[in-house]
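For the protein sequence lines, the chains are A and B, in the order given.
The opening residue of the first sequence carries number 0 in numbering that gives the first Met the number 0; numbering runs sequentially from there.
The opening residue of the second sequence carries number 0 in numbering that gives the first Met the number 0; numbering runs sequentially from there.
Be aware that one or more of the hints could be misleading.
As the list claims (entries may be wrong) - Below, simulated EDC-like cross-link-like pairs (lysine to aspartate or glutamate); rule was C-alpha separation at most 20 angstroms, straight line:
hint, chain 1, residue 1, chain 2, residue 2
1, A, Lys514, B, Glu42
2, A, Lys270, B, Glu41
3, A, Lys189, A, Asp246
4, A, Lys514, B, Glu37
5, A, Lys637, B, Asp7
6, A, Lys514, B, Asp54
7, B, Lys23, A, Asp633
8, A, Lys514, B, Glu6
9, B, Lys23, A, Asp299
10, A, Lys514, B, Asp53
11, A, Lys556, B, Asp54
12, B, Lys23, A, Asp287
13, A, Lys130, A, Asp29
14, A, Lys267, B, Glu45
15, A, Lys514, A, Asp287
16, A, Lys514, B, Asp21
17, A, Lys556, B, Glu41
18, A, Lys149, A, Glu33
Think of the hints as simulated: they come from the structure by calculation, not from any bench.
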Amino acid sequence: MGAILKEYRYTPAKIVRGYSGKSLYINVSDLRIEEKTITEFMKEKFTGGKGFDLWYLWNAVIPETRWDSPENEIVMSVGPLGGITQYSGTGKTLVASISPLTDIPIDSNAGGYFGPLLKFSGWDAFELQGKAEKEIIIFIDGNNGLIEIKEAEEYPEDSHVLAEQLTREYADDENDMVNVSVVCTGSAAKHGFMGMLNFSFYDPRRQTVRFKQAARGGLGTILCDKKIKALVVKYKGVTPNLNNAADLATINKVGVKYHKEMHDLDSKQNKMRQIGTANTVMIMSQYDLLPTRNFQTGGDPEVVKIAPEVFINEWLTQGLHDGCWYGCTMSCAKCADHFLLTSGPYAGERVTVDGPEYECVAGLGANLGIFDPQAILEENFYCDTYGIDLISFATCTAFIMECRQRGQITQEQMGGLDLRFGNKDAVLELLHLMSRGEGFGRLAGLGIRKLKKIFVEEFGADADLLEDIGMEVKGLEYAEYAHKESLAQQGGFALATKGPQHDEAWLIFMDMVNKQIPTFEDKANALYYFPMFRTWFGLVGLCKLPWNDIVPADNHKTSEPAKVPEHVQNYVDIYNAVTGEDIDKDELILQSERVYQFQRVFSVRMGKGERKDDYAPYRSLGPVSREEYLSRQDLYDKQLSELQGLDPEVIDLDEKIAKLRAYREDQYEQLMDAVYRRRGWTMNGIPTPERLREIGMDLPMLLEVVEPKL
Amino acid sequence: MIRLNTEDYPWKSGMTVRSLLDEKVFTFRHIIVRVNGEYVPEEEYETQLIQDGDDVIVLHLMAGG
Ligand code: SF4
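Isolated chain A (complex conformation) (with noise of 0.2 angstroms):
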């Protein structure tokens, strides 16, 4: 099927010590294949995955690159220690682009074997760039080393059936089907700027195509636009030492320590291996950390139908191994199977969806006020076949929701879609909209950022109130947490560098309940060290749960509990093992700093990555509504009286809403502050000479880029 418009053949590299030394370039303009090397200048500056990745993109791009500019590239890479199978969550595949809801360089990464299968074929890196004629498919074949670019208008769009034809069309048979990746976006990623990408694998107990999602910032829509239907990969003889590691003894040593605590303590910690990450649902609620509304609240009552139980008993298949790449022991990537579609083009099929994470069901339950386990498993799945984001879908139309429910928008300029909280059909309705491109699905996709502007010019809403309630920072939609109680994660969403995820960052306990973090300078602290650790998983490959969603045993008698310090042990053992070099944890956090403070020059290169650019809605700092602040009455009087010395009874509540405003806005302030200083920032959030020059990164390139901004 589709004819072949190019075929390229090469050498597969060997790997030394976790790099191929390769990396592939697809200009699909033209069709142009090259191959480059991966210097050493690179290995020294960027490790790998994001780290490479952002470097090729800073080289493809000019500062009034555009998403849907040819030269902007989607480049993927798995990084150093991708592929080992001795550790858990070593398979994540990093992708860099500039994203159409930001307009600066996103960051996303995937499970799934799409990159390591990638690395094995000899490819640490792959970019592509340009804008293909027609819809083209990108094979693969590492074994035998081959690049096939092939015409694809005949395949179908949805994900779940066009990954599982390429891996049945691709496999040689159904013990080959393992050996097959895919990574394809769906119907929804051209009509709006949230769409994902999919990263696929065959799961053979199943006897189905399964995915883990490269999700944020837009990267399936640049995708569409470049016309690519889907990459495959395919790779036979995947081995524990394809890495040919320097030490491979350390690696079976560390390896085998963190599958017995897996083993021991998953069913006493957190569950992972029964429910996954949605078994904090419960807790966020009970701690008023679950956005529910649009984060006006941060729980509710009827939370309990969709508690982890719910999806464990009645949902969710126990007892299979449900990892995302080989060794991987948590295995939380769970699923709902023969799961009975009611809705859309696929009503009545059975099918798997993967899922729910804890994203999907905080932001397609409750914070659409939806209670719903099956609903949500079909959003979940609707989102994941037509290759939409499901974070940005949530927190998009929460905020359309909101929008309607204070008179801002009305049902006619929704096209007729009854769109208000807990209405699942409306909102199932809304996502095969999206995926047809029609009506006010066309809109929705566009994400908050331009539905506000959207919303005031043309339906006359209060600009004000839709700043305060649109949950977005960069252009980019907020992850699925309520957090007004936390200054710390307030900076941890807004000062992320490519928005508000909360991949740098997760310090709502740290700060808000052990009360380990008081001062501004703490929290610049904590809000320096999380981020420049958790990049470091995207430099070489790392899933960030195995982590700390388990920790050992004796993890309490050490000094800083909450960073896990003999699993950061682990990963600095790993690492040495594999390469050969003898980095310790403050070298890990220098390689993270490097490549961080390139992404945030990269921003500054590219229009955004100011101050100006790090401001959150008030929604996300403190009460915007009456009801809101009514809701949590006792703790912001108490707050009034003890922080600002005001008395509550003699106030009122419209002027106790403002005062409290203002105080949390110049807590804000001083935040920002204090997290520049000690990320080695100007006050206007730009990373200075002398901070570069310490780390290593005073390349002209980049202080060509701060220095008139001093």
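Could you slot chain B with the ligand onto chain A? The hints should help.
Okay, now just chain B with the ligand, sitting in the frame of chain A:
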């Protein structure tokens, strides 16, 4: 009055680690409790009494997301 995570909190006669966790709805499974600097294992939550003036730390171990 006791100190709970560096702040004042009312003490009640007969207060145990367990009753304090219940009262605060500290339901997260992954916590460390220290009373006056001494680690309290989970098996002792029901029996460990908290005295007036004690310094109690309840660390929730989640810094990831
Ligand atoms: S912990 Fe979960 S998400 Fe991470 S690699 Fe393992 S199965 Fe995949």
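Hints, one by one, checked against the model:
1. Lys514(A) x Glu42(B): Not OK: Lys514(A) and Glu42(B) at ~25 angstroms, beyond 20 angstroms, violated.
2. Lys270(A) x Glu41(B): 17 angstroms, holds
3. Lys189(A) x Asp246(A): Violated, at roughly 46 angstroms.
4. Lys514(A) x Glu37(B): 18 angstroms, holds
5. Lys637(A) x Asp7(B): Given pair Lys637(A), Asp7(B) holds - Cα atoms ~14 angstroms apart, limit 20 angstroms.
6. Lys514(A) x Asp54(B): 13 angstroms, holds
7. Lys23(B) x Asp633(A): Roughly 16 angstroms separates the two Cα atoms, so the pair holds.
8. Lys514(A) x Glu6(B): Holds, because 8 angstroms separates the two Cα atoms, which is no more than 20 angstroms.
9. Lys23(B) x Asp299(A): 17 angstroms, holds
10. Lys514(A) x Asp53(B): 17 angstroms, holds
11. Lys556(A) x Asp54(B): Satisfied, since the Cα-Cα distance of roughly 18 angstroms is no more than 20 angstroms.
12. Lys23(B) x Asp287(A): 12 angstroms, holds
13. Lys130(A) x Asp29(A): 9 angstroms, holds
14. Lys267(A) x Glu45(B): 18 angstroms, holds
15. Lys514(A) x Asp287(A): Roughly 16 angstroms separates the two Cα atoms, so the pair holds.
16. Lys514(A) x Asp21(B): 19 angstroms, holds
17. Lys556(A) x Glu41(B): 14 angstroms, holds
18. Lys149(A) x Glu33(A): Holds. Lys149(A) to Glu33(A) sits at ~17 angstroms (cutoff 20 angstroms).
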